[in-house]
Amino acid sequence: MAKEKEPKQPTVPFGAWAPAVGLAWLIPGGGHLLLKRTGRGVLLMLAITGMFLCGLMMRGAMFQPQSGDILTILINTGGFIGDVASGILYLLSSWLGYAQPDVAGHVHDYGTKFLVTAGLLNILAMVDAFEIASGRKD
Amino acid sequence: MFKMNLSHFEAALLFALFTSVVLAVVTKRTDRDRLHYGVYTFACFVVALFGLGWLMYFGHG
Chain X
29 MAKEKEPKQP TVPFGAWAPA VGLAWLIPGG GHLLLKRTGR GVLLMLAITG
79 MFLCGLMMRG AMFQPQSGDI LTILINTGGF IGDVASGILY LLSSWLGYAQ
129 PDVAGHVHDY GTKFLVTAGL LNILAMVDAF EIASGRKD
Chain Y
821 MFKMNLSHFE AALLFALFTS VVLAVVTKRT DRDRLHYGVY TFACFVVALF
871 GLGWLMYFGH G
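First to last, the sequence lines map onto chains X and Y. Under this note's numbering, read the first sequence as residues 29 to 166, first letter to last. Under this note's numbering, read the second sequence as residues 821 to 881, first letter to last.
Treat the hints as calculated values from the structure; they're not laboratory data. Treat the hints with caution; some may be incorrect.
Simulated crosslink set (BS3-like; lysine-lysine; CA at most 25 Å straight-line) [to be verified]:
#1 LYS64/X x LYS141/X
#2 LYS823/Y x LYS64/X
#3 LYS141/X x LYS823/Y
#4 LYS36/X x LYS848/Y
#5 LYS165/X x LYS36/X
#6 LYS165/X x LYS823/Y
#7 LYS165/X x LYS33/X
Stretches of chain X that chain Y covers, calculated by requiring three or more beta carbons in the stretch to come under 8 Å of a beta carbon on chain Y [said to hold, decoys possible]:
#8 80-88
#9 115-124
Partial selection, computed: residues in chain Y whose CB lies under 10 Å from chain X [unchecked claim]:
#10 LEU826
#11 VAL846
#12 THR847
#13 ARG852
#14 ARG854
#15 HIS856
The C-beta atom is built at its ideal place from N, Cα and C for all residues, glycine as well.
Input sequences plus hints: build the corresponding full structure.
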């Protein structure tokens, strides 16, 4: 039996969602604030910025892409993408000279994870801002 | 800069708190659902934290 084709969602013009997604990357929660979702934007901003600052105060290490075996490439490139996804938080801390070496210790280790996870959570916030801007979500 | 010195437990609780807030905000559509899901996710993190903690304790011998 032939499957019914699912109706295609209309393509949303680039200009409709790009400012919100761009701002959501640069300032965590900024995309929601631009789209007048103030409460959610403030919550996202507090949670993501709080997580990133805790990572900094735990002296977590920032990842840099490295070559080598496949696991090294995956871990460092993935970690770097996670760090960069925090937007202005990552850019500011890099420009201000934050360069913590990767040292042993559970607090440093948690700090590194906090920094990467803040970026990954910001990616979720960017996707949410995209869905709101494109009308797929209220 | 101020340095935080947290135990494993405190750091994991803080991680659970921030992550639960973001997951609740981006996945649910009403404030009531967001609150429920945030509390549920946080509780799941805490249960997993204790479960894995005991598992490692017994696994370590």
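TODO: Mind checking the alpha carbons of LYS823/Y and LYS64/X for me, to see if they're no more than 25 Å apart?
DONE: 35 Å, violated
- [ ] For the pair we were handed, LYS165/X and LYS36/X, check the Cα-Cα distance against 25 Å.
- [x] Measuring from Cα to Cα gives roughly 16 Å; hence the hint holds.
Task: Hint status (Cβ of THR847/Y to nearest Cβ of chain X, threshold 10 Å) - done: 8 Å, holds
- [ ] Three residues minimum, CB to CB under 8 Å: does the segment 80-88 of chain X make the cut for coverage by chain Y? Let me know.
- [x] The restraint on the segment 80-88 of chain X holds, since 5 of its residues have a Cβ under 8 Å from chain Y and three suffice.
Open item on the list: The hint names VAL846/Y as touching chain X; please verify it with the least Cβ-Cβ distance against 10 Å.
Closed with: With a minimum Cβ separation of about 4 Å from chain X (threshold 10 Å), the hint on VAL846/Y holds.
TODO: Go through the hint on LEU826/Y and say holds or violated, using the shortest Cβ distance to chain X against 10 Å.
DONE: 6 Å, holds
Task: Agreement of LYS165/X and LYS823/Y with the hint, judged by alpha carbon distance not exceeding 25 Å - done: Judged against 25 Å, a Cα distance of about 40 Å means the pair is violated.
Open item on the list: Holds or violated: the hint that ARG852/Y contacts chain X, with Cβ atoms closer than 10 Å.
Closed with: Result: violated, 13 Å to nearest chain X Cβ.
- [ ] Grab the minimum C-beta distance from ARG854/Y to chain X and call the hint holds if it beats 10 Å, violated otherwise.
- [x] 8 Å, holds
Open item on the list: Quick check on the hint: HIS856/Y CB to chain X CB, less than 10 Å?
Closed with: 15 Å, violated
Open item on the list: LYS165/X and LYS33/X were given as a pair; does the straight-line alpha-carbon distance stay at or below 25 Å?
Closed with: Holds, because 22 Å separates the two Cα atoms, which is no more than 25 Å.
Open item on the list: Using C-beta distances, would you say chain Y covers the segment 115-124 of chain X, given that this needs three or more residues below 8 Å?
Closed with: violated (count 0)
When the structure is compared with the earlier hints, violations turn up for hints 1, 2, 6, 9, 13 and 15 and for no others.
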